[in-house]
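Trainee: Chains as they are written, first to last, in the working numbering: chain A, 1 to 95; chain B, 1 to 188; chain C, 1 to 981.
Keep in mind that a hint or two might mislead.
If the Cβ cut is set under 10 Å, some of the chain C residues that face chain B in the computed set are [unchecked claim]:
#1 Pro159
#2 Ser161
#3 Asp163
#4 Asp585
#5 Leu648
#6 Thr660
#7 Tyr680
#8 Pro805
Treat the hints as calculated values from the structure; they're not laboratory data.
Beta carbons are placed, not taken as given, at the ideal position from N, Cα and C, and that holds for glycine.
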Amino acid sequence: MIIDHPLLGPRDSAEFTYLGDASLIDRPDGMAETAAEAFYAYQYLRDNPAGLHRELWYHEAGDRSWLVVTRDTVTHEIISVELARDVARARGRSR
Amino acid sequence: MHDLAPLTALGHAAPWTDQIGGMAITERPQIALASVTARQGREPTCRQTLTTWLGDGPPPPGKALLRDPFSALWMGPDQWIVAADYDAHERLADELKAKLKQAASITEQTDAWVCFDVSGDRVVDLCERLCPAPARRMQTGDAQRTTVHQMGCFLVCLKQSEEMRFIGPRSSAGSLYHALVTAADAIV
Amino acid sequence: MTQANRVPGGQIDRSKTLKFNFDAKQYTGHPGDTLASALLANGIRLMGRSFKYHRPRGPLTAGSEEPNALVELRGGARQEPNTRATTTELYDGLWARSQNRLGSLRFDLLAINDRFSNFLTAGFYYKTFMWPAAFWEKLYEPIIRRAAGLGSLSLKADPDSYDKGFLHCDLLVIGAGPSGLMAALTAGRAGADVILADEDFRFGGRLNSETLSIADQPGADWAAGAVAELAGLPNVRLMPRTTVIGAFDHGIYSAVERVSDHLHSPDPGKPRQILWRIYSRDTVLCAGATERPIAFDNNDRPGIMLGAAVRTYVNRFGAAPAQRIALFTQSDDGHRTARDLIAKGIKVAAVIDVRKEAPRDGAYETLPGAQVVDTRGRMGLTFVEVRLPGGDTRLIECGALGVSGGWNPNVHLTCHQRGRPIWNNALSAFVPGESLPPGMLVAGAAKGEMSTAAALRSGAQAARKALGLKGRLPVLPEAEDADVTAPPFWYVQGAERAWLDQQNDVTVKDVKLSHQEGFRAVEHLKRYTTLGMATDQGKTSNLGGLAIMAELAGKSIPEVGTTIFRPPYTPVALAAFAGRAVGQDFHPTRKTPSHFWAKERGAVFVEVGNWLRAQWFPLPHETHWRESVDREVLGTRASVGVCDVTTLGKIDVQGEDAATFLNRVYCNGFAKLAVGRTRYGLMLREDGIAMDDGTAARLAEDHFVITTTTANAVSVYRHMEFVRQCLFPDLDVQLISTTEAWAQFAVAGPNARRVLQKIVDPEFDLSNEAFPFMACGSITVCGGLRARLFRISFSGELAYEIAVPTRYGDALIRRIMAAGAEFDIVPYGTEALGVMRIEKGHATGNELNGTTTALNLGMGRMVSKAKDSIGSVLSQREGLTAPDALHQVGLKPLNPDDTVPAGAHLMAATGPIDAAHDQGYVTSACYSPNLGHHIALGFLKGGAARLGEVLRLVSPLTGVETRVEVVSAHFIDPEGERLRA
């Protein structure tokens, strides 16, 4: 597959490592009262869509950026590619 | 002055060079390298300081700045590798840290890498046997990460269609060299 | 007389004669021949024996769709089975042998199978070889194995090399027939970067085999002119002998270029083949079409071939399959063949045309409304039996029969991404479907545009569309535009032993049996009968089988469907997929800075991932590795040893929030680590399982260097970048790997300090007070070389790790050895390193095995509850904190001579030995020269409370059962006095 890196342009997916669902960005607060329940869901509950999927790819053989790729799991069409850092910040991740 | 004798990445006292057909493959150990990564909120300062240091803006993604005495490659978001002649700038990382201070994180990268320069009129054919980088379309000053036989490298176009620099992991220098020579034999 | 069946003309070079050998006989041919055409020219029609029934066979086709003429090409280590004679370029000295016969091709002992055909029908192996059960392994299977398969392997190592390559283009044109040449010309003239690939060694496709004209020239000449123009364009890359084998996602195509297969052997240094990865922006598939046969009884004799193949042999290769040839056709194609034969002086026995209104030509006899119902001539066709419309039969003498049943567009690559073709009633064939691989267009016969003019037009249109060129199509060269459609004719009624798949010996009878047995869906038909499963993948037989199944099932052909097409389009040698990654080059070799020095000293090396590490350093008199390893361990603990530890991952962590960041990734605390100090760190996975361990050294407020295990250097770095970029994007922390940049050596033993004091420059105080256990700092050595020193110990001895820029690593270890000579310094390798850490009870990958937690490792209290770090929450879940959770323990054999094999399991002293009573397992084991017996580390349920208990150690698979005592994992210096000396 070809992943259109926001900074580098089209790159062969062979340069990347795949991690999984982009929901991994939304890590719960480990010190909260309900942390255990939140972490069970975070770690183990997944949608498995036949269709658009937002997922994390790491440009291991490139610039070592993490990317959030929106890919159709049926056709492999890639709809969007964003820097994971930007997505994380937009979702309220910070320090 | 210390009295320890350095070894090249291929394990010799002197750099290795090969002539295969019309192509020359030359090891270049005399390149000092340092990584510069801007710190949070200090990106503009880092950029400005580097511009002054290099004599021109630090290169954007996919590009190298090829100048004397300093060159640079884009490595990642707000991250570059700076290069200079080893004999003149063995302490490149320290020099850069003194200039950039808290604006950036610096590491010495010189001996993490091995540099092989390949020149000749078939250098693009060679690249096409080795890595997916679009070597035929690369112009002087283009640079990108690519993979040669599972080794993550930088490919720098020093002179369009004539001279390329492969910067690969030092510990795998023997394998990278073997890949270059084997490909050269295959195409000449 | 040599080459008795040559006819004038053809694209062969008669000025040169090539000698070749087939089945131990010498023949001659010419450059431009294939092995098949040269054999036919020499009057040889018999080229193989069929798979199951061992029936004599000759070539059915003249191309890569060939099912029969498979030979073993070349002898010795370069022997290649199942090579198609129809696509093998002839070269001087070519050597080939027919396959699949016991005895000779003419006298094949296994031909007896044909007499048992009633018992060897489709699926016979589901109903036979069942009884008695014992016979299967000893008798049936060996016999079947010997009989199965076609060609044989040499079983010698392949001496050739194979390259991989990478190309980029704006337009990839697949196939260089009229549509492909036109597409390439259109795009090339417009300045696009074009790649034109064709599996053949000569571009032109069917133009080389037909007597059609383009722009008043013979088609073949027009093709040669087009190729010459393309060759002159710098933006066009011509790739003959290159099969595009697969269409992958996003415009990525795979192609195999046969660089040297047409030579006797590759030139030195040159690869035999190249596997190209082509990145195309757009693609035009111009793969043409493949003719299909008609099924009738005994339609598989040598000499019976597709009509278009007859034209190819006669027109392109100047080789007549026989001197007297009959044609069997459902369309005008058979008549085209007849005219071409007559033009070359070959007798046409008759044109047997199934159509009642067949055209007539004075030059040859036509039998309208007639069908071929049987044939004679076991070793080669002698007669065909024709049924005339009235019901009479007639025997027609002929040495070859050209069969024309219509054309199938080569849609394969359009289906490589789950697309299905659609049925075109007018053509009675499948054409490309709606959903094509993104970026792909189809042109010419592959699209169902069957005439030459249509091919040229659609090739030009497709290229223009791909490039976004607007406006009217330029004037194209004139060519014929005939309508080739005719009602389909799949098989002769009543035919039974009529072959569909000639390679897997599948007949019409087998399809009927499949239907009868209930295997009616197209996927079941395929697998029950094996129709389409051979090396030709049913290119000349799939549709025939489908058509018959449709008739039996009372459905239309599209309702029965079609099986999926997958890469590769034609068979590919496995070596081409390996490329250069074979043998020593299977993966890159990473050498440590002391590698060359270690080699000089005769070290034995071990592969650790891609690294080569010294495993031990044998002395000349030592004959067994234990001698060396025991000596290295004893020497280090008695005085001092040195070991290259460069391979452990080193990650440089800087920034204002470096300590905060490390506090998030390690389960234990790092926020308050003082500058100049190192700390052991344990990283958990988010699910609470231990991931990796190492040390973190604080060189400055904002600067740490952390270590990882060798094996996890890459994955830990990846994980840390995930935490940095995705979880805490606003922390001021920057990471980079420095594993390669620094050579790092462990110097360990009671005399370690004394040795280092001779290396480290005098302004740095190495006393225990100034540089205590776990201190770290930047120093200089040997008169000013920058270095880093870490007082950490894996061995449990007084130890340091010293790092210098890698280029000085070799010089440094020599200097350390020289400095240590007075202390009998001993270099030690990974084995001794392993023994010493087991003696100390230090965990490594054997213990951090992906299922164990901090608690299991005896580090449960290290997981801080005062902060949020990766894995801390889930490490507390019930399943991981049960009262009888595994604890790391030491194990000592009761009998001092016993070993304690790693992987063995622990059982209570009495009671059953089974999985239900499993108490734990051994993770690491070694002989301890310091203790004089074997020791081990392992995990034991509730082990912390069971010190002193005696257990049984069992390995049922290897018949081991001994007794061990549970002891502290810290066998040596449990108080750590030596560490802190």
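Trainee: Look at each hint and say if it fits the structure.
Mentor: So, going through the hints one by one against the coordinates:
1. The restraint placing Pro159 of chain C at the interface with chain B is violated, with a minimum CB-CB distance near 15 Å, outside the 10 Å limit.
2. A hinted interface residue such as Ser161 of chain C counts as satisfied when its beta carbon comes closer than 10 Å to some beta carbon of chain B; here the least separation is about 8 Å, so the hint holds.
3. Given hint, Asp163 of chain C at the interface with chain B, holds; its Cβ is 6 Å from that chain's nearest Cβ, closer than 10 Å.
4. Because the closest C-beta pair between Asp585 of chain C and chain B is about 7 Å apart, less than 10 Å, the hint holds.
5. A least Cβ separation of about 13 Å between Leu648 of chain C and chain B goes past the 10 Å threshold, and the interface hint is therefore violated.
6. The interface hint given for Thr660 of chain C is violated, since its Cβ lies 12 Å from the closest Cβ of chain B, which is over the 10 Å cut-off.
7. Because the closest C-beta pair between Tyr680 of chain C and chain B is about 23 Å apart, greater than 10 Å, the hint is violated.
8. The interface hint given for Pro805 of chain C is met, as the beta carbon of that residue sits about 5 Å from the closest beta carbon of chain B, less than 10 Å.
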